[in-house]
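Visitor: Here's the letter readout for the chains.
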Amino acid sequence: MSADTQTIIVTGAGGVGKTTISAAMAMRMAGPDRRTVVMTVDPARRLADALDLHELSNEPSPVPGVDGLWASTLDASASWEGVVHRYSDPEVADRLLTNHYFRAIADRFPAAQAFAATETMSTMIESGRWDAIVVDTPPSAGGLDFFLAPSQTVDLIGGKLLHWLTGAQLPGRRFLYRFTGRPILKIADTILGGALLEDVAEFLLDLRTMYDRLAARAATIQRHQRRATTVVVTTADPAPVAEVLRFFEELTDVSVEPSGVLLNRALPVGWADAARRPIRNIPDADVRATLKENLTRWGGEARRQASAMEGIAGRYGVPLLTVPWVAEPPTAVENLTQLLDGVAGLDDLL
Amino acid sequence: MLDRRLLFVSGKGGVGKSAVAAALGIVAARRGKRVLAISMTDRAGLAAHLGVPKLTYDPLQVRPGLYAAVVDRSRALDEYLGLQLHVVRSLPTRQLSNALSVLADTAPGIREIVTMGKPIFEVWREEWDLVIVDAPALGQLQSYLAAPQTITGLVPTGAVQEQAARLESTLSDPSTSGLLLVTIPEELAVLETREAIVHIDSHRQIVIAGVIANRVLEPLGIATATVAAVPDGPPRAAGLLHAGLVEAQSTWLNSIPDDPRLPFLFGFHTPGEVAERLAELCEEFV
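Residue numbers (this note's numbering), protein chains in the order written: chain G, 1 to 350; chain H, 1 to 286.
Which chain H residues face chain G? A few, computed with CB under 10 Å, are given here: (1) Gly13; (2) Leu220; (3) Gly221; (4) Ala229; (5) Arg236; (6) Val274.
If the Cβ cut is set under 8 Å, some of the chain H residues that face chain G in the computed set are: (7) Ile222; (8) Val227; (9) Val230; (10) Pro231; (11) Pro235; (12) Gly239; (13) Thr270; (14) Pro271.
Below, computed lysine to aspartate or glutamate pairings styled on EDC-like, alpha-carbon distance capped at 20 Å: (15) H:Lys54 to G:Glu249; (16) H:Lys33 to H:Glu126; (17) H:Lys33 to H:Glu122; (18) H:Lys54 to H:Glu276; (19) H:Lys33 to H:Glu284; (20) H:Lys54 to H:Glu273; (21) H:Lys54 to G:Glu250; (22) H:Lys33 to H:Glu276; (23) G:Lys292 to H:Asp232; (24) H:Lys33 to H:Asp129; (25) G:Lys292 to H:Glu218; (26) H:Lys33 to H:Glu127.
No wet-lab data here; the hints were simulated from the structure. The model shown is predicted, which means the values in this text are computed figures rather than measured ones. Yeah, the Cβ is synthetic: ideal placement off N, Cα and C, and Gly gets one too.
Take the sequences, apply the hints, and build the full model.
Guide: Put into structure tokens, the structure is as follows:
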């Protein structure tokens, strides 16, 4: 069953409308015969209300008014607790989960939230409960973290850190009391004014016990990612466009190929030309002048958007989809469904 | 705003904080100040807005009076150890900084304090009239601001602890340091900014120097009903889009402090052009 689950990963820079687009896609896909779940990350209040999401939970709840649609909001610390329980021995798990270094890493390590998202996605795929899963990804530089997180997490735990502290062979806990005899560590301890390094090393040894199981898990997660359909959402603003370009440059490292780039907040291409033509059908001169001036500004934006998008599509040969700019971002179920109406090429992806 | 020695610029990702940081650097340099603009992240944003391909750890002059740099973590760690902790010369610093980079990736506060230490060291160095920091986005900023206190709690004595206390006092001195928040009039950005204001005001790690709303649209000057009444076509559609966006923005503008506003810039292609134009606009209020 899980092999039949269709997975859409929606990625892109922060602030481009990923979560809204994810929800709208899931609404299109859901139906009585297609159980669909959208996994959101930090949805805006009004969108969360529309999806009836009121607290962080990896457990999907049904979306009122949409047959066959469920939604969840990523709870990264619950995902990590699950990871620790599944991939380490019980007594180590208890030690790790109460260790304040573990909390600090889980809170700050940039890939930690992304890894939680990949793990939660994989669990959903493997549950066999879903026909389709739409995954909104945590904000990060261009969305790459979501794809790099499995290997980065394994690297962190497999321990370049630990390797340096303890040497090539993985020692037992007894080793700790010997290695702190190394002069450098004594100096570091003096500077830091406490037995900090010893604490850290003890913690890293616990973390290291998860390595083999977590490395195998990461490989599975990467397979799920490669099998998914990846859609990159952007706006035409210079900063997100630069991030999309960087995303494509670096993606080859993880052998993921996006199936499409979706330009959100797109302006009609015709506005650029229309702005050059005289307006004849507005009798009031003031109104005509104001609207002409306004169209000239927006027409210039439309032209700028078009050239930014040609840069992406021309260079990487991906299908380009455009979602029109609407004044008020859609937050009710009906508006969300309409948002993607008439978006050419979309249904080929979904 | 530019009277302090150290100005952090932050905001939700994508609101234009690098552009504003670059613009303020340009303005301050034009007024004859010796300015260092420094990025705390490795992102290309500040470089692009200053019109240079990339930044380095060593300050690079980008125009008269304006220098730019980026915090490189391992160089910052070396500097932190060598300069600030007065580590004895005979020590194998490389090994020691290896030990500490292990810590920096694990123990809370160390990476942050090393990264944040750099701009503050530059202030102590007395070489600059103003250090403008393109700081991490709001989501990460708070763990940086809290770093000195985190360290103090973690290591009760020693050179690192003394260092942390000194950083904390520079940061929290309102005549030396300030934080400028950049936002845009949209739901997520405004709500995140408001939460940050409450959090920062209650933790008193740094004083908020201002809240700038960026990408604010000017009203059309004619009633929306008038626009709706003209015949269908691009002039009407563009007019209605503009009017609708202005209305949506006004809701969010009303719920942030009434500080300076920067307009939505039409027709700008490169980050360098954007920063130049913003600098002209900033002249009026800084």
